[in-house]
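Undergrad: Got chain A sorted already, so can you dock chains B, C and D onto it with the hints?
Here is what each chain is made of, one letter per residue.
Protein chains: 4
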Amino acid sequence: MADTGAIAVFNGVRQPFDLRDFPVPDPTPGALVIRMRMANVCGSDLHYWRGDTDLAARGFALPGTLGHEGTGEIVKLGACVTVDTAGQPLREGDRVVFSYFHPCMRCPTCLKGHTNACPVRQLDRMMPLDEWPYFRGTFADYFYLFPNHGLFRVPDQLSDEVVAGVNCALTQVVAGLDRAGQGFNETVVLQGAGGLGVYAAAAAKARGASLVIAIDGIPERLDLVRAFGADETVDMREFDTSEARVERVKELTDGLGADVTMELVGHPAVFAEGIAMTAPGGRYVEIGNVSVGREASFDPSSIVLKSIYILGVVHYRWRDLKNALAFVAQNVDRLPFDRVLSHTFPLGDINEAFERQNEGRITRSALVPGG
Amino acid sequence: MADTGAIAVFNGVRQPFDLRDFPVPDPTPGALVIRMRMANVCGSDLHYWRGDTDLAARGFALPGTLGHEGTGEIVKLGACVTVDTAGQPLREGDRVVFSYFHPCMRCPTCLKGHTNACPVRQLDRMMPLDEWPYFRGTFADYFYLFPNHGLFRVPDQLSDEVVAGVNCALTQVVAGLDRAGQGFNETVVLQGAGGLGVYAAAAAKARGASLVIAIDGIPERLDLVRAFGADETVDMREFDTSEARVERVKELTDGLGADVTMELVGHPAVFAEGIAMTAPGGRYVEIGNVSVGREASFDPSSIVLKSIYILGVVHYRWRDLKNALAFVAQNVDRLPFDRVLSHTFPLGDINEAFERQNEGRITRSALVPGG
Amino acid sequence: MADTGAIAVFNGVRQPFDLRDFPVPDPTPGALVIRMRMANVCGSDLHYWRGDTDLAARGFALPGTLGHEGTGEIVKLGACVTVDTAGQPLREGDRVVFSYFHPCMRCPTCLKGHTNACPVRQLDRMMPLDEWPYFRGTFADYFYLFPNHGLFRVPDQLSDEVVAGVNCALTQVVAGLDRAGQGFNETVVLQGAGGLGVYAAAAAKARGASLVIAIDGIPERLDLVRAFGADETVDMREFDTSEARVERVKELTDGLGADVTMELVGHPAVFAEGIAMTAPGGRYVEIGNVSVGREASFDPSSIVLKSIYILGVVHYRWRDLKNALAFVAQNVDRLPFDRVLSHTFPLGDINEAFERQNEGRITRSALVPGG
Amino acid sequence: MADTGAIAVFNGVRQPFDLRDFPVPDPTPGALVIRMRMANVCGSDLHYWRGDTDLAARGFALPGTLGHEGTGEIVKLGACVTVDTAGQPLREGDRVVFSYFHPCMRCPTCLKGHTNACPVRQLDRMMPLDEWPYFRGTFADYFYLFPNHGLFRVPDQLSDEVVAGVNCALTQVVAGLDRAGQGFNETVVLQGAGGLGVYAAAAAKARGASLVIAIDGIPERLDLVRAFGADETVDMREFDTSEARVERVKELTDGLGADVTMELVGHPAVFAEGIAMTAPGGRYVEIGNVSVGREASFDPSSIVLKSIYILGVVHYRWRDLKNALAFVAQNVDRLPFDRVLSHTFPLGDINEAFERQNEGRITRSALVPGG
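Residue numbers (the working numbering), protein chains in the order written: chain A, 1 to 371; chain B, 372 to 742; chain C, 743 to 1113; chain D, 1114 to 1484.
Just so you know, these hints were derived from the structure itself, not from any lab. Heads up, the beta-carbon is just placed ideally off N, CA and C, and yes, glycines get one too. Worth double-checking, as some hints may not be accurate.
Partial selection, computed: residues in chain D whose CB lies under 7 angstroms from chain A [as the list claims (entries may be wrong)]:
(1) Thr1198
(2) Leu1224
(3) Lys1225
The following block holds chain A by itself, in its conformation from the complex (with noise of 0.2 angstroms):
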């Protein structure tokens, strides 16, 4: 293992990332650093970069790093280390998949079982660049693993392409779905079919959903979403209005709306209208809004009146990621996992990266460190 690793350094909004090397840290007791193999651009790495959300208001000190979906293999295993979260033994070399916040799981938001909410559960990925141990962000050769985390050593037959977006996509919508208990013979409205959206049509019906309904205005995403299982469509284009959009999911309702609706856009605007694509005594699962700072308006009485749920998720459990990794592990050669990383770049190219896929026609970007 070299002396040293690359971090591609993010220097503020809209600013051009920047290649410097750091020292590959020791791990403490517990810790791991893996190498990176593969990281994807995430929609919430694009709303920092772009400035959605005001990182540096946040106390996240700059120059920083980025980066948190992806996977790796193990290069250092810190002392005790010696078993995944499933208890399967791990080694040197080992590719796994990881969560990238860590709870406290002693603060009494853990203890209520409420550990994705942990109030410190992010609090590393706020330090300096420059403070031991550097690699916080995936968007590098390396990173560092603080100990606690959820950890998964991935089955050789998967490909890093088909893992990649596990440990933050598709554990995101698999734990969204799971919150919601929807079930059997539901009924699925998917606000957006990004990176999150094509996972959640997956998963939604492998839960049993007798309708999965697509919503974006992006031809190859639509083609995308029906490959991994929505039943409907409806393009953007062609519904242009919120209203009509609503109208339309009715008619392929029998006039309800959905028992379940997702929203994987991150647009406060589409708040107020999938609160009316959902049906009475239905549920809507908040995921995509994550930038601070930007208001959605809305009728409360339209929850009240229709006795409607309305669960913000954010992050997940272990077994929301040990149920993910499963999940593509069996359905593999079924679904076109493979697809969802529409382009690989070199870490080195991480600036074009960005800005391509900020255009909004790449589903996923993929950072390949050393490609």
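TA: Same frame as chain A, but now just chains B, C and D:
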């Protein structure tokens, strides 16, 4: 029984009511005629009268009749009605509490178990005043109960004053806390200490809440909610900004916010404040905002990043009504149920009752037909 | 329509049935008369005929009538019956599936939501044979449906063979899996691959089970349950002791046992074996043991120390019946629903049907009135 | 702190304990050494001593050490231990309650959230007595707490007597009622009014039970359970058959039986009786039967036909322990927690304590090291 009875006719927004006589109908099989003994002025009646909700725009025929919270005695039993919803024998003369809406029990929404959100549950209230069976609101001498309502006989030892608030305000918060699953050793914030709030304080303590905090700005209400079990109150005259109130709730909850926050005010503006008072992983129960067409603005990332669930809760299931009545019977000696009604008026003085309650210092007025 | 119809009269334990004619009744308001098209011999019918359950001791008048699983077409609609339980219009001639029990919807048990356990839900089946309306079992030309049954119109494209098992076996396991909350990536063991077992395999896979293991000793059943989606089978001829079967299930589940085990056999002896096959924190769904008076012996510490939940599940809610019918409609091209019925007999040959099914190699016999 | 401490050595079934000295260990990182202040004789200790459970057959090395319920003060903090499980600062000298088992948090069972059923949660109690760190039972001067236990600082105002029963008996029933979801206006039957039963009465009332019925045959226990909130008692001296007790419970519950029945006795024979006392749709919480190898006999159709759920509940989650301690703190002035311990003995008199509690008229003995 008289052949005719008076209805306090609702003539439109902020118009005075006037009393008119109508023939008392004979019930069809499964239906009942009730002679009202006491009918309360609920917050939603005020919303309708003030025009916060535009009833006409929602299909409500004017002139019409209002009122739904209250109690009465059976004067005519339709064929096949021999027992109440708990299977207890019913006779003419029995005092009852009843659900003021009737789910169809047959539509997809009812089938899924969401009888409280049945789309047609209130259609009968929309009919023109001069259409049989006329008595469709409780601000009248009689009330016609269509088949399929929940209906429970009232124990003799409970006075009208004590049970008049059961079938709307008390049962509504009992249902809300049940949906939220509020449990043992949880903290609860009540936005509003009116009729809903005082009952909610009692019910939350009965379910094992370790701390109930009530927010209001009217001293009589703050006193009453303490008498119903609130451990702490936040006086809006002292904490006169949203930030100050959020700060105060956090102080009282070890910095976390409440496990369960209930919106019992009915102003869209309190929505975002309530979310801010809720702990990570907590639940926000939205009950008060029933007026259609008023917008709330909030940052959806606030529910994502804290993984908060919002439960829109309208109406209730019959077991909630049964539980609420049982709760009153068990606690009538311990809790000041008779203080919830601050003023009683003869039905003929309905206009004075509305004006005074509209001024805001009356917790709940009760109208007494023939009184 | 004929004025009279035949009933296959049940004369007592292991006695032959004989056909007798009775007048076809006129339905009261809310009721229906159905002409049976196909009636299956369910395992519980066999239990009654064999005397595993002493019907007479439970208040069932003899001679009487048996049968409850099947489908038919409406020949007389009572007053007020215009739609099915999903609100779809009903006309004479429509084919329907229906619940074979009717909860009162009014007792404390129904009020709590346990309509499937209503104590009086089957009282009508106890009445003497010569009491109006006579047709209270499906082993007859007609079936009288009292008011308050769940009732769904059958899509035209589904054959009688395909839907005949919906209203008992299929819906029963749909209900059981729903109560158990069986979910995504869970392992399921089925004790028994008869009618209940084959349907359960399909439903569990549709809910996202990662592994379904079916246990039986009859090769035809093991074949069929694989065709319905079981991933693994345990052949009791090969694994011929309880210990061997428990061991085999553990081998297939990483040593843990199943997340959900279902008892679908109806022998008390399999109870303890099933508990032993269940993972720590898992659920045991007890459906098959409906014969009163047969004792199971087990060590209660086995459920304490592994924190196992046991769910006794009888009958179902109407939404389960609706979901089951929808499941058939959606999967009729993919799953061999028509193979569940292995043999069809004219109603007049009911004695032969019972004898042969009692021998155990027939999965399900169907009786065809007039056939 | 002394260099050595005494352990009351368990030498085998119905053998006398003898005190032996062992060196006080230094804690590894994450671990703690506690000086015991009070250790209760729990029912399961009696089961082990009597041989109801054959510890040796289950892999427990003899001679060994027993005891798990109690409280103590920290004398040595391992590295990295700075706060308790609720995040409150910990110092040497702090009094604490602690979980007496430690789930691995990594195995499939823990991952699914069933940390209370982790298969290895009690392995450390099996080790030979002379193996470091020796102090693995609370019947000793010290207790060694391995990393990963739940641990909460005890408020100063609570006496040892009041908190000594928190970490086993009280938390166990708090956990059981939580799993059963016992709620507002439900009826509860307690089989047994020993330590578990008296706490269960208090907790059930605090969760809103409308009626708590306790069954026992010892007058002191019946008195105490009433003082803890039981509304009714069934004295086994008066109701001396299973049938009579079932009949009495039905009389008190409008013929239905209890919504929730709890088995808190630990005799297999009460299992079938408890099921018979449970309402249709009710839940049976099995806690007491922890002795392996004793058979219960029951009719499984009794849980099918009434759709009863049985919940085996062992141990608890850390939030249960936190909730239980908070419950004591909030109710210490209202409930006679100090009366649960009927007798206190110096640790050296452990043999007398066991003999007298074994006779059955002592609710709970407490051992005081150095006392």
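Undergrad: Work down the list of hints and note, for each, if the structure agrees.
TA: Hint check:
Nearest Cβ of chain A to the Cβ of D/Thr1198: about 6 angstroms, under the 7 angstroms cut. The hint holds. The criterion of a C-beta within 7 angstroms of any C-beta in chain A is met by D/Leu1224, whose closest approach is roughly 5 angstroms, and the hint holds. Annotation: D/Lys1225 was flagged as interfacial toward chain A, and the flag holds, the nearest CB pair being 6 angstroms apart, inside 7 angstroms.
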